[in-house]
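**Student:** What follows is the residue order along each chain.
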Amino acid sequence: MADDFKYGPHEKDVRPDGRELGEFRRTVLNIGCITTAEGSALVKLGNTTIMCGIKAELAAPKPAEPDRGFIVPNVQLTPLCSPHFRPGPPSEQAQVMSQFIAEVIKNSGCVDCQNLCVVPGKLVWVLHCDLMCLDYDGNVYDTAVLALLAAFRNTRLPHVEEKEEVPEVTMDKTCSLIVSSQPVSSTFSIFDDRILFVDPTVEEEGLATGMVTVVTVGNKLCMVHKPGGSPLKSEQLLTCFDRAFDRSKEVLRLIEETILSVER
Amino acid sequence: MEIPRSSGFQLRHMMCEFGQLSRPDGDVTVFQGDTSVTTAVYGPGEVRMNKEILNKATVETVFKPKSGLPGCAEKMFERTLRNTCETFLLAALHPRSSISIIVQEIQDSGSFLSCCVNSCCLALLDASVAMKFLVAAVTCAIDSEECIILDPTVKQEKDSCAVLTFVFENKDDSILAVYTTGSYTVQQFQQCSQTCGEASKAVFDFYRTSIEKKLSKAT
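Protein chains in written order, with full-length UniProt numbering: chain D, 1 to 264; chain V, 1 to 219.
Watch out, some of these pointers could steer you wrong.
To be verified - Within a straight-line C-alpha distance of at most 30 angstroms, the following computed DSSO-like cross-link-like pairs (lysine-lysine) qualify:
{"#": "1", "chain 1": "D", "residue 1": "106", "chain 2": "V", "residue 2": "158"}
{"#": "2", "chain 1": "D", "residue 1": "62", "chain 2": "D", "residue 2": "249"}
{"#": "3", "chain 1": "V", "residue 1": "132", "chain 2": "D", "residue 2": "233"}
{"#": "4", "chain 1": "V", "residue 1": "64", "chain 2": "V", "residue 2": "155"}
{"#": "5", "chain 1": "D", "residue 1": "220", "chain 2": "V", "residue 2": "214"}
{"#": "6", "chain 1": "V", "residue 1": "64", "chain 2": "V", "residue 2": "213"}
{"#": "7", "chain 1": "V", "residue 1": "66", "chain 2": "D", "residue 2": "233"}
{"#": "8", "chain 1": "D", "residue 1": "62", "chain 2": "D", "residue 2": "44"}
{"#": "9", "chain 1": "D", "residue 1": "122", "chain 2": "D", "residue 2": "44"}
{"#": "10", "chain 1": "D", "residue 1": "55", "chain 2": "D", "residue 2": "163"}
{"#": "11", "chain 1": "D", "residue 1": "220", "chain 2": "V", "residue 2": "66"}
{"#": "12", "chain 1": "V", "residue 1": "214", "chain 2": "D", "residue 2": "233"}
{"#": "13", "chain 1": "D", "residue 1": "173", "chain 2": "D", "residue 2": "55"}
{"#": "14", "chain 1": "V", "residue 1": "66", "chain 2": "V", "residue 2": "214"}
{"#": "15", "chain 1": "V", "residue 1": "217", "chain 2": "V", "residue 2": "155"}
{"#": "16", "chain 1": "V", "residue 1": "158", "chain 2": "V", "residue 2": "214"}
{"#": "17", "chain 1": "V", "residue 1": "64", "chain 2": "D", "residue 2": "106"}
{"#": "18", "chain 1": "V", "residue 1": "158", "chain 2": "D", "residue 2": "122"}
{"#": "19", "chain 1": "V", "residue 1": "217", "chain 2": "D", "residue 2": "233"}
{"#": "20", "chain 1": "V", "residue 1": "56", "chain 2": "D", "residue 2": "62"}
{"#": "21", "chain 1": "D", "residue 1": "62", "chain 2": "V", "residue 2": "158"}
{"#": "22", "chain 1": "D", "residue 1": "233", "chain 2": "D", "residue 2": "55"}
{"#": "23", "chain 1": "V", "residue 1": "214", "chain 2": "V", "residue 2": "201"}
{"#": "24", "chain 1": "D", "residue 1": "62", "chain 2": "V", "residue 2": "64"}
{"#": "25", "chain 1": "V", "residue 1": "132", "chain 2": "V", "residue 2": "214"}
{"#": "26", "chain 1": "V", "residue 1": "158", "chain 2": "V", "residue 2": "201"}
{"#": "27", "chain 1": "D", "residue 1": "249", "chain 2": "D", "residue 2": "233"}
{"#": "28", "chain 1": "D", "residue 1": "106", "chain 2": "V", "residue 2": "171"}
{"#": "29", "chain 1": "V", "residue 1": "201", "chain 2": "D", "residue 2": "220"}
{"#": "30", "chain 1": "D", "residue 1": "106", "chain 2": "V", "residue 2": "214"}
{"#": "31", "chain 1": "D", "residue 1": "163", "chain 2": "D", "residue 2": "44"}
{"#": "32", "chain 1": "D", "residue 1": "62", "chain 2": "V", "residue 2": "213"}
What the hints assert, rightly or not - Pair ranges (Cβ atoms, derived):
{"#": "33", "chain 1": "D", "residue 1": "89", "chain 2": "V", "residue 2": "131", "range": "48 to 54 angstroms"}
{"#": "34", "chain 1": "D", "residue 1": "181", "chain 2": "V", "residue 2": "172", "range": "33 to 39 angstroms"}
{"#": "35", "chain 1": "D", "residue 1": "122", "chain 2": "V", "residue 2": "213", "range": "41 to 47 angstroms"}
{"#": "36", "chain 1": "V", "residue 1": "154", "chain 2": "D", "residue 2": "168", "range": "39 to 45 angstroms"}
{"#": "37", "chain 1": "V", "residue 1": "13", "chain 2": "D", "residue 2": "175", "range": "37 to 43 angstroms"}
Unchecked claim - Some chain V residues near chain D, calculated using beta-carbon distances under 10 angstroms:
{"#": "38", "residue": "77"}
{"#": "39", "residue": "83"}
{"#": "40", "residue": "84"}
Hints are computed from structural coordinates only; laboratory data are not their basis.
Note that the Cβ used here is the ideal one computed from N, Cα and C, for glycine as well.
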């Protein structure tokens, strides 16, 4: 079957599921689905499903950086999402993904840690970003970045008032988290050392000879992650960037539309 | 006192020593300015049953930081190194065996990832493992005035707005791996890849002279 897959469809610029090489799967976004979290989002990219919840917690800042809060991303790849994962401590892939998300937040500067400061030197917010994969059907990086961004846009932090050194949290008054930039990720797979295509499914990931993940923010790039795999010419990377910028427009429109429909 | 090096378009001085360790099949310590890394290669050897791959060798990398336990960042580092090595090794020549690469940080004074990749490549050469092509990594930084600094030091990396590492192969100079931090425009990315691509030639020359020196000593 693999050989059929390999030499049949991709040669004719069509993929097994009928998509073209530059076509993403249908993206479905649901914002604010967890009421107990400060912000949440559920994203489906084809069958791949990732749920993101953001919990805020008050803590003391580091003495070296008294006016900076913390953002702690955590990706969970449970046995629920794919038979590939076993229960127990986070797998290597989950750790690598958590680190990837942390770097995307840092490089894009989407949430400034200084905005998470409540009382300098005493109180700051810690945002725990839990990303749970419910269905693993390839391209989890893009799905995770989209879920994270949508959840950040949905996050409302409670108002904190300090009365005689004791912080008082009022849930009646909340304010939205300031999201200063919007990173969007696009993953490309390389097939047979020459064919580039976007948004691989898990089957395609298994057969791919390389991957590139491009994260754009505004009209800049904030991450080009290509850990080995087939070598690419810089012209090929440029076509990836062009497609990534197009994708970012599509994704941002989807987020705006969803937020509007939630507010209505 | 630290002497300002790598100003403009030059790599810091590179140096390497082979055969400091007796047990590994290949080992090298690479110095790139003050940054230094020791890499040991074992293999192709026996593989653990659960890691056995039927049609090719299993490539394993272990990254050991200078102090402390490896965390998420080190895992990502390890994976980048492994994926890079897997691409250029001819793993299909040694089915059901393992090639393990152990990378030990000695000192990180900037451009650390590129030093690690270069030391892996040299250690694999020393161990005479068959490879498709050689790879050379070069790091550059974009500073606040949008100038490109080649082979930055830790301080330059910290002050810059983006740091980009490219891994090139020597067959047709394509880009094998990219790892970046910070944000930059497409144009800056292109400039950096071009500058690093030119600088990678110096790294390939360095490989050649080092191996020549080693072989002339052996006879």
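**Student:** Determine for every hint whether it applies to the structure shown.
**Tutor:** For each hint, the structure was consulted:
1. A C-alpha spacing of about 13 angstroms is found between residue 106(D) and residue 158(V), which places the hinted pair at or below 30 angstroms, so the restraint holds.
2. For the proposed pair residue 62(D) and residue 249(D), the alpha carbon gap of about 37 angstroms is over 30 angstroms, so the pair is violated.
3. Annotation: proposed proximity of residue 132(V) to residue 233(D) holds, straight-line Cα distance about 17 angstroms (limit 30 angstroms).
4. For the hint pairing residue 64(V) with residue 155(V), the CA-to-CA distance comes to about 23 angstroms; that is within 30 angstroms, so the pair holds.
5. A hinted pair counts as satisfied when its Cα atoms are at most 30 angstroms apart, and residue 220(D) with residue 214(V) does not qualify at roughly 45 angstroms.
6. For a cut-off of 30 angstroms, the pair hint linking residue 64(V) to residue 213(V) stands: about 28 angstroms separates their Cα positions.
7. A hinted pair counts as satisfied when its Cα atoms are at most 30 angstroms apart, and residue 66(V) with residue 233(D) does not qualify at roughly 35 angstroms.
8. Between residue 62(D) and residue 44(D), the direct Cα distance comes to roughly 37 angstroms. Violation of the 30 angstroms bound is thereby established for this hinted pair.
9. Our distance criterion of 30 angstroms between C-alpha atoms is broken by residue 122(D) and residue 44(D), whose separation comes to about 39 angstroms.
10. As the CA atoms of residue 55(D) and residue 163(D) are separated by approximately 24 angstroms, the hinted pair is consistent with the 30 angstroms bound.
11. For the proposed pair residue 220(D) and residue 66(V), the alpha carbon gap of about 34 angstroms is over 30 angstroms, so the pair is violated.
12. Taking the CA atoms of residue 214(V) and residue 233(D), the gap is near 33 angstroms; set against the 30 angstroms cutoff, the hint is violated.
13. For the proposed pair residue 173(D) and residue 55(D), the alpha carbon gap of about 17 angstroms is at most 30 angstroms, so the pair holds.
14. For the hint pairing residue 66(V) with residue 214(V), the CA-to-CA distance comes to about 28 angstroms; that is within 30 angstroms, so the pair holds.
15. Restraint check: the Cα-Cα separation between residue 217(V) and residue 155(V) comes to about 38 angstroms, which exceeds 30 angstroms; the hinted pair is violated.
16. Between residue 158(V) and residue 214(V) the alpha-carbon distance is near 36 angstroms, which puts this suggested pair outside the 30 angstroms criterion.
17. With a C-alpha separation of about 24 angstroms, the suggested pair residue 64(V) and residue 106(D) falls inside the 30 angstroms cut-off, and the hint holds.
18. Note on residue 158(V) and residue 122(D): the hinted pairing holds, with a Cα-Cα distance of about 27 angstroms set against a maximum of 30 angstroms.
19. Restraint check for residue 217(V) and residue 233(D): not satisfied, since their Cα atoms lie roughly 38 angstroms apart, outside the 30 angstroms limit.
20. Between the alpha carbons of residue 56(V) and residue 62(D) the distance comes to roughly 48 angstroms, so the proposed pair goes past 30 angstroms and is violated.
21. Distance hint between residue 62(D) and residue 158(V) is fulfilled; the C-alpha atoms sit about 20 angstroms from each other, no more than 30 angstroms.
22. With a CA separation close to 42 angstroms, the supplied pair residue 233(D) and residue 55(D) exceeds the 30 angstroms bound.
23. For the suggested pair residue 214(V) and residue 201(V), the alpha carbons sit about 20 angstroms apart, so the restraint of at most 30 angstroms is met.
24. Taking the CA atoms of residue 62(D) and residue 64(V), the gap is near 27 angstroms; set against the 30 angstroms cutoff, the hint holds.
25. Restraint check for residue 132(V) and residue 214(V): the C-alpha separation of about 22 angstroms stays at or below 30 angstroms, so the hint holds.
26. Proximity of residue 158(V) to residue 201(V) is assessed by CA-CA distance (about 26 angstroms); at most 30 angstroms being required, the pair is judged to hold.
27. Taking the CA atoms of residue 249(D) and residue 233(D), the gap is about 25 angstroms. The hint holds against a cut of 30 angstroms.
28. For a cut-off of 30 angstroms, the pair hint linking residue 106(D) to residue 171(V) is broken: about 35 angstroms separates their Cα positions.
29. With a C-alpha separation of about 29 angstroms, the suggested pairing of residue 201(V) with residue 220(D) holds against the 30 angstroms cut-off.
30. Between residue 106(D) and residue 214(V) the alpha-carbon distance is near 43 angstroms, which puts this suggested pair outside the 30 angstroms criterion.
31. With a C-alpha separation of about 44 angstroms, the suggested pairing of residue 163(D) with residue 44(D) is violated against the 30 angstroms cut-off.
32. Simply put, residue 62(D) and residue 213(V) have alpha-carbon atoms about 50 angstroms apart, too far for the 30 angstroms limit, and the pair is violated.
33. Between residue 89(D) and residue 131(V) the Cβ separation comes to about 34 angstroms, which falls outside the hinted range of 48 to 54 angstroms.
34. Residue 181(D) and residue 172(V) have their C-beta atoms about 36 angstroms apart, which keeps the hinted 33 to 39 angstroms range intact.
35. Take residue 122(D) and residue 213(V): their Cβ atoms lie about 60 angstroms apart, and the range 41 to 47 angstroms is violated.
36. Distance hint for residue 154(V) and residue 168(D): a CB-CB separation of about 43 angstroms, consistent with the stated range 39 to 45 angstroms.
37. At roughly 54 angstroms, the beta carbons of residue 13(V) and residue 175(D) sit outside the given window of 37 to 43 angstroms.
38. With a least beta-carbon distance of about 9 angstroms to chain D, the hint placing residue 77(V) at the interface is held under the 10 angstroms criterion.
39. The beta carbon of residue 83(V) is positioned within 10 angstroms of a beta carbon in chain D (closest approach about 3 angstroms), and the interface hint is therefore held.
40. Nearest Cβ of chain D to the Cβ of residue 84(V): about 4 angstroms, under the 10 angstroms cut. The hint holds.
Violation of the numbered hints given earlier is confined to hints 2, 5, 7, 8, 9, 11, 12, 15, 16, 19, 20, 22, 28, 30, 31, 32, 33, 35 and 37; the remaining hints are satisfied by the structure.
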